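If you read the sequences in order, they're chains A and B.
All residue numbers for the first sequence refer to the numbering used here, where the first residue is 1 and numbers rise by one.
All residue numbers for the second sequence refer to the numbering used here, where the first residue is 1 and numbers rise by one.
Since the hints were derived computationally from the structure, they do not count as laboratory data.
Errors might be hidden in some of the hints.
When the alpha-carbon atoms are kept at most 20 Å apart in a straight line, the in silico EDC-like pairs for lysine to aspartate or glutamate are as follows [claimed, not checked]:
1) Lys255(A) to Glu277(A)
2) Lys83(B) to Asp142(A)
3) Lys134(B) to Glu156(B)
4) Lys79(B) to Asp368(A)
5) Lys134(B) to Glu277(A)
6) Lys79(B) to Asp334(A)
7) Lys253(B) to Asp333(B)
8) Lys192(B) to Asp146(B)
9) Lys376(A) to Asp100(B)
10) Lys406(A) to Asp142(A)
A quick note: this is a predicted structure, and the numbers were derived from the prediction, not measured.
Letter by letter, the chains look like this.
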Amino acid sequence: MTTARDISKSVRDGNATAVDTAKSALNAIAEQDEELGAFVCVCEEHALAQAERIDAMAADERKKLSLAGVPIALKDNICTEFAPTTCASKILDTFKPPYSAHVTEKLVDAGAIIVGKTNLDEFAMGSSTENSAKCITRNPWDRDRVPGGSSGGSAVSVASGMTPIALGSDTGGSIRQPASLTGVVGLKPTYGRVSRYGLVAFGSSLDQIGPFARTVEDAALLLNVIAGADSRDSTCVSADVDDYVASLSEPITGKKIGIAREYFGEGLADGTRKQVEAALDKLRELGAETVEIKLPLTKYGIACYYLIATAEASSNLARYDGVHYGHRSQDAGDIVEMYSASREEGFGPEVKRRIMLGTYALSSGYYDAYYLRAMKVRTLLRRDLENAFAKVDVICSPVTPDTAFKIGEKSSDPLAMYLADVYTITANLAGIPAMSVPCGFDGAGLPVGLQLMGPAFSEAMLLNVAHQYQIYTNHHERVPS
Amino acid sequence: MVASLTTKTIVGLEIHVQLATRTKLFCGCALEFGATPNSRTCPVCLGLPGSLPVMNRAAFDASVRFALAMNCKIATYTKWDRKSYYYPDLPKNYQISQYDLPLGYEGYCDIDGDEGQSKRIRIRRAHLEEDAGKNLHDVPGCSLVDLNRTGTPLLEIVTEPDIDCAQDAFDFCTGLQKLAVYLGVSEASMQKGQMRFEPNINVEITRGGEVFRTPIAEVKNLNSFRAVRDAIEYESKRQVQDWLADEDYVFGKASNENRGWNADKQMTEYQRSKEAAHDYRYFPDPDLMPVTTTADWVDSVRKELPESPTVRCDRLVSAFGLSQGDADLIVADRGDAELFDAAVDGDKKLAKRMTSLMLGAAKKSANDRELTVSTVLPSATSWQQLVRMVEDGVVNASAGERLLLEAMENTAGEIDFEQMAKDRNLVQVQDVGQMSAWVEQVFTENDGAVQDALSNPKKAKAAPGFLTGKVMQVSGGKADPKVVRQLIAAKIKEMQTE
Ligand SMILES: [Zn+2]
Numbered sequence: 001m002t003t004a005r006d007i008s009k010s011v012r013d014g015n016a017t018a019v020d021t022a023k024s025a026l027n028a029i030a031e032q033d034e035e036l037g038a039f040v041c042v043c044e045e046h047a048l049a050q051a052e053r054i055d056a057m058a059a060d061e062r063k064k065l066s067l068a069g070v071p072i073a074l075k076d077n078i079c080t081e082f083a084p085t086t087c088a089s090k091i092l093d094t095f096k097p098p099y100s101a102h103v104t105e106k107l108v109d110a111g112a113i114i115v116g117k118t119n120l121d122e123f124a125m126g127s128s129t130e131n132s133a134k135c136i137t138r139n140p141w142d143r144d145r146v147p148g149g150s151s152g153g154s155a156v157s158v159a160s161g162m163t164p165i166a167l168g169s170d171t172g173g174s175i176r177q178p179a180s181l182t183g184v185v186g187l188k189p190t191y192g193r194v195s196r197y198g199l200v201a202f203g204s205s206l207d208q209i210g211p212f213a214r215t216v217e218d219a220a221l222l223l224n225v226i227a228g229a230d231s232r233d234s235t236c237v238s239a240d241v242d243d244y245v246a247s248l249s250e251p252i253t254g255k256k257i258g259i260a261r262e263y264f265g266e267g268l269a270d271g272t273r274k275q276v277e278a279a280l281d282k283l284r285e286l287g288a289e290t291v292e293i294k295l296p297l298t299k300y301g302i303a304c305y306y307l308i309a310t311a312e313a314s315s316n317l318a319r320y321d322g323v324h325y326g327h328r329s330q331d332a333g334d335i336v337e338m339y340s341a342s343r344e345e346g347f348g349p350e351v352k353r354r355i356m357l358g359t360y361a362l363s364s365g366y367y368d369a370y371y372l373r374a375m376k377v378r379t380l381l382r383r384d385l386e387n388a389f390a391k392v393d394v395i396c397s398p399v400t401p402d403t404a405f406k407i408g409e410k411s412s413d414p415l416a417m418y419l420a421d422v423y424t425i426t427a428n429l430a431g432i433p434a435m436s437v438p439c440g441f442d443g444a445g446l447p448v449g450l451q452l453m454g455p456a457f458s459e460a461m462l463l464n465v466a467h468q469y470q471i472y473t474n475h476h477e478r479v480p481s
Numbered sequence: 001m002v003a004s005l006t007t008k009t010i011v012g013l014e015i016h017v018q019l020a021t022r023t024k025l026f027c028g029c030a031l032e033f034g035a036t037p038n039s040r041t042c043p044v045c046l047g048l049p050g051s052l053p054v055m056n057r058a059a060f061d062a063s064v065r066f067a068l069a070m071n072c073k074i075a076t077y078t079k080w081d082r083k084s085y086y087y088p089d090l091p092k093n094y095q096i097s098q099y100d101l102p103l104g105y106e107g108y109c110d111i112d113g114d115e116g117q118s119k120r121i122r123i124r125r126a127h128l129e130e131d132a133g134k135n136l137h138d139v140p141g142c143s144l145v146d147l148n149r150t151g152t153p154l155l156e157i158v159t160e161p162d163i164d165c166a167q168d169a170f171d172f173c174t175g176l177q178k179l180a181v182y183l184g185v186s187e188a189s190m191q192k193g194q195m196r197f198e199p200n201i202n203v204e205i206t207r208g209g210e211v212f213r214t215p216i217a218e219v220k221n222l223n224s225f226r227a228v229r230d231a232i233e234y235e236s237k238r239q240v241q242d243w244l245a246d247e248d249y250v251f252g253k254a255s256n257e258n259r260g261w262n263a264d265k266q267m268t269e270y271q272r273s274k275e276a277a278h279d280y281r282y283f284p285d286p287d288l289m290p291v292t293t294t295a296d297w298v299d300s301v302r303k304e305l306p307e308s309p310t311v312r313c314d315r316l317v318s319a320f321g322l323s324q325g326d327a328d329l330i331v332a333d334r335g336d337a338e339l340f341d342a343a344v345d346g347d348k349k350l351a352k353r354m355t356s357l358m359l360g361a362a363k364k365s366a367n368d369r370e371l372t373v374s375t376v377l378p379s380a381t382s383w384q385q386l387v388r389m390v391e392d393g394v395v396n397a398s399a400g401e402r403l404l405l406e407a408m409e410n411t412a413g414e415i416d417f418e419q420m421a422k423d424r425n426l427v428q429v430q431d432v433g434q435m436s437a438w439v440e441q442v443f444t445e446n447d448g449a450v451q452d453a454l455s456n457p458k459k460a461k462a463a464p465g466f467l468t469g470k471v472m473q474v475s476g477g478k479a480d481p482k483v484v485r486q487l488i489a490a491k492i493k494e495m496q497t498e
C-alpha cells in the first residue's frame with residue numbers, strides 16, 4: 001500500500017504522473033466501492049482536470065506541492081464547488097454549493113486530487129454511517145459490520161486503500177471512532193486549529209475537520225496542509241502552525257502518559273482492553289512513563305454532549321426548509337405546510353430525533369435546566385482535563401468500548417449507540433486534540449484503536465508519540481483481505 | 001353623575017436604525033439601496049450550508065458611537081445570540097442579535113419640553129442585529145424573496161416608557177434621526193426605510209382616585225415620524241374608548257396586542273394577540289466570538305464624538321450671541337456647523353456677519369444646487385479671510401457678498417480673497433485725502449442737495465445719504481462709506497457755522 005508521502009514524492013520528482021495516480025485511485029474505487037459503499041459521489045472530471053493541471057506545471061512549481069498528485073476523499077459535509085455536497089441527506093440531495101470549503105481550497109492548492117465525496121451518517125449524526133440516505137457503508141475487515149461513523153466513508157476509503165488519505169469531521173468522535181473500527185489513523189485537531197468555513201455545521205462549538213491516513217506520518221502531512229488561520233471562520237485561531245512532520249522522529253523517552261481509571265471501567269470489551277494495555281506496555285518500553293490520573297467528571301460527558309450538540313444542531317439545521325435550496329415538498333399548501341412537509345420528507349429519523357431534543361433543550365423554561373447547565377458542566381470537564389494535563393503530557397485510552405458491530409445491530413437502540421461515544425466526546429467538549437492509532441486486533445480479527453489526547457494545540461506531540469508507537473509496531477501494515 | 005376622568009398616555013419606543021457601513025454585518029457584501037434583487041448576496045448572507053459569519057467591526061464601532069451619543073453605558077463584554085423563527089426572508093431561520101447583553105444600556109436623550117424645559121427620555125438598551133430580506137408579493141401567483149437587505153446592520157434602540165404624548169414621541173424620533181446623521185453612523189433616510197419605529201402604547205386612566213391601565217398595544221413597523229405621532233394619538237383615544245365600552249379592557253385581564261397603522265384610514269388595526277409569547281429559543285451563537293471592550297477604548301471613542309447638536313446650539317447662542325433660530329439652522333448640518341466653528345475660530349466679532357452670509361447668500365446658493373452650505377463655501381481659512389476683510393473695511397459689505405457669490409460659483413476650496421478683491425478693483429480706498437477730494441467734487445456738482453442739507457428742514461435728513469451715494473458712485477464703490485459719511489457730516493457742519 002502506497003503512502004501519500006511516497007506518491008507525492010514520486011510525482012514531485014517526475015517518477016509518476018498525477019494523472020496516473022488519480023486514475024489508479026479512480027480504478028480502485030470502481031473495483032471496490034460497489035461492495036464497500038464508501039463513496040456517495042466520484043469526482044472523476046474534477047480529479048483528472050486537477051491531475052492534468054499538476055502534470056502541466058513547471059517542475060519547480062510542482063516541487064512546492066506537498067500533496068502533489070495525492071488522491072484524497074472528502075466527507076460529503078465538506079463543501080466542494082465542483083461536486084454536490086449532500087450530507088447524505090435527502091434534504092440536500094440536489095445541493096451543489098457555489099463555493100468550496102477552506103480545506104478544499106487548501107487541498108487543491110497543495111496539489112491533492114479530490115477523487116470523491118464519502119458517505120456519512122446524515123448531517124454527521126451517528127456512529128455507524130447507517131443513518132445515511134445514500135447507501136450502506138461496509139467495514140472492509142468484515143463486510144457485515146459497520147465502519148463506525150459518522151465519517152465511515154472516509155475511514156473505509158483509507159482502510160481499503162482506495163485513497164491513501166481522507167478528510168472527516170469529528171463532533172463527538174466521528175473521526176476517531178471509525179478510524180478505530182477500520183484500523184486507520186484518525187485525528188481530531190484542537191477546536192479552532194482547522195477552519196470550519198465550508199463544513200456543513202452539526203454542533204458548531206464541537207465540529208472539527210481532521211485527517212484519516214494509514215500512517216501517522218501521512219496524517220501529519222495532511223494536517224500541515226489544512227491547519228491554520230482563516231479570516232472567514234471567527235473561531236479559527238491564528239496561533240502558529242507547527243510543522244507536524246518535522247517533530248515526528250523525536251524520541252518519547254520521559255513522556256508522561258496519563259491513564260484514567262474512568263476509561264477502563266465497566267462496558268469495555270476484553271479484546272479491546274487487552275490490545276490497549278499492550279499498547280501502553282509498548283509505550284513504556286519506548287521510554288514513556290505511565291501515571292494514574294483521575295477524571296471523575298467523565299461520566300457526565302454523554303449527557304452534556306447530547307444537550308449541547310443537539311441544541312446547536314436544532315438551530316443549525318433550521319435553514320433546511322425548502323424555501324431557498326434543497327428538497328421542497330411538492331404537495332404543500334401554504335408556507336407553514338411547505339416548511340413542515342419539506343422537513344418531514346427531507347430528514348431521516350436520527351436527525352429528527354436530535355432536532356427535537358435540541359429544540360426542547362433550548363425552549364423557554366427548559367433552557368436553564370438543560371442547555372445552560374450543560375455549558376457549566378462543559379466548563380468543569382474542561383477544567384478536569386486541564387488539571388490532568390498539568391501532570392501528564394498525553395492521556396491514553398481506548399477509543400471505543402468495543403470493536404465494529406454488525407450492521408443493524410444497534411439501529412433500534414439509539415441510546416446504546418450514544419453511550420458508545422463515552423471515550424471520545426470529552427475531547428470535543430474540552431476542545432482538545434485527540435487521535436486514534438491502530439493498536440491491534442481483537443479475537444474476531446477486528447481492529448482496535450488507541451486514543452491519545454493532549455492539551456490544546458499539542459497535535460505535534462500527539463503525532464510524535466503515535467508515530468514512535470507506529471514505527472515500532474506493525475498493526476498498520478496489516479490490510480483487510 | 002359620572003366621576004371625572006383623567007388620562008395619561010404612556011409610550012415606550014423600539015427604533016431600528018440602519019447603519020451606514022460599507023458592507024453588511026457578517027459578510028463582505030456591499031450595502032446598496034435599490035440594487036437588482038439578490039445581486040448583493042454571498043454564501044454567508046444567503047445562509048448556505050457551511051458558511052460562517054464574521055463580525056464587521058465598523059458596524060460595532062458605529063453602534064458604540066451612537067450608544068455613547070445617547071449617553072449609554074457600554075458593555076465590557078457582549079456576545080451574539082441566535083433568535084429563532086421561521087420566515088422566508090430569514091434564510092437561516094434565525095437572526096443574529098444580542099439578547100441579554102446589549103452593547104449599550106442605561107442611557108438617555110433629552111428633548112425640548114414645554115416652556116423651554118427639557119424632558120429626559122431614558123434609553124433602556126441599544127443592541128446590534130442583522131436585518132432580514134424582503135418578501136415581494138407583486139408577481140401574481142407567487143412570492144419572491146430579495147435577500148439584498150439580509151445582514152444589513154441594524155441598531156435597535158429601546159426606550160423606557162418615558163414618553164407621555166404623541167408630540168414628544170415625534171420630537172424624540174426626529175432628534176434621534178438628526179443625531180444619527182450628525183454622528184455619520186446612518187443616513188437615516190425615511191424614503192429608504194433606514195429608520196423604523198414600533199411604539200408600545202397604553203393609557204393610565206384615573207377615575208375618582210381609582211387607577212386603570214389599558215393593555216399595551218405595539219404598533220408595528222412605522223416608517224415615518226408622522227405615522228408615529230398619528231398612531232400614538234389614535235391609540236390614546238381608542239384605548240380609552242375601548243375601556244369605557246368594557247372596563248375589563250385593562251392590563252392583565254385583556255391581552256397585549258400587535259397593531260398595524262393604516263395611513264389611509266388614519267387608524268390602527270388589530271393584528272394579533274401577544275398572549276402566547278413566541279419562543280425565540282435564544283442561545284449564544286457558537287460561530288461568533290464574544291466582543292469585549294476596555295474603558296480606555298470607550299473613552300477614546302467618546303472623546304472623538306462630535307459635540308451633540310443640542311450642546312452645540314447652546315454654545316453658539318451663548319458664546320457668539322446667535323439667535324436660537326440661526327443657531328438651529330447652522331447646527332442642522334454637521335458639516336455646516338463645523339465649518340462655522342472653524343471659520344469663526346472663537347472670534348465673536350466675526351460671528352454675526354458670518355451667520356448672515358451663511359444663512360443668506362450661501363444658503364440660497366446651496367439650496368439652488370441641492371447642496372449643503374459647507375460644500376459650496378470656501379475653506380474655513382478663506383471664508384474667515386473674507387468675513388474679516390468686510391469687518392475691517394477692506395471691502396464693503398456688498399463687495400464682500402459679490403466676492404462670495406463669485407467664489408461659490410467655482411466651487412469652494414482655498415481662495416485668496418485679498419487677491420481677488422484687488423483683481424476686481426474692490427479694495428476700499430482708505431486714503432482720507434482722496435475721499436475728501438471726492439466729497440469736494442460731489443458738493444460742487446450737487447449744489448441743490450447741499451442746500452437741502454443746510455437749510456431745507458424737509459430734506460435735511462435724507463440729503464447726506466444721497467451725497468454719500470454720489471461719492472460712492474464717483475469712487476467706483478471703493479470709498480469706505482463709513483469714512484465718507486463722517487466726512488460729509490463734518491463738511492455740512494463746517495458750512496453751517498460759516
Ligand atoms: Zn453576503
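Q | Structure versus earlier hints, numbers of those that do not hold, lowest first | A | 2, 5, 6, 7
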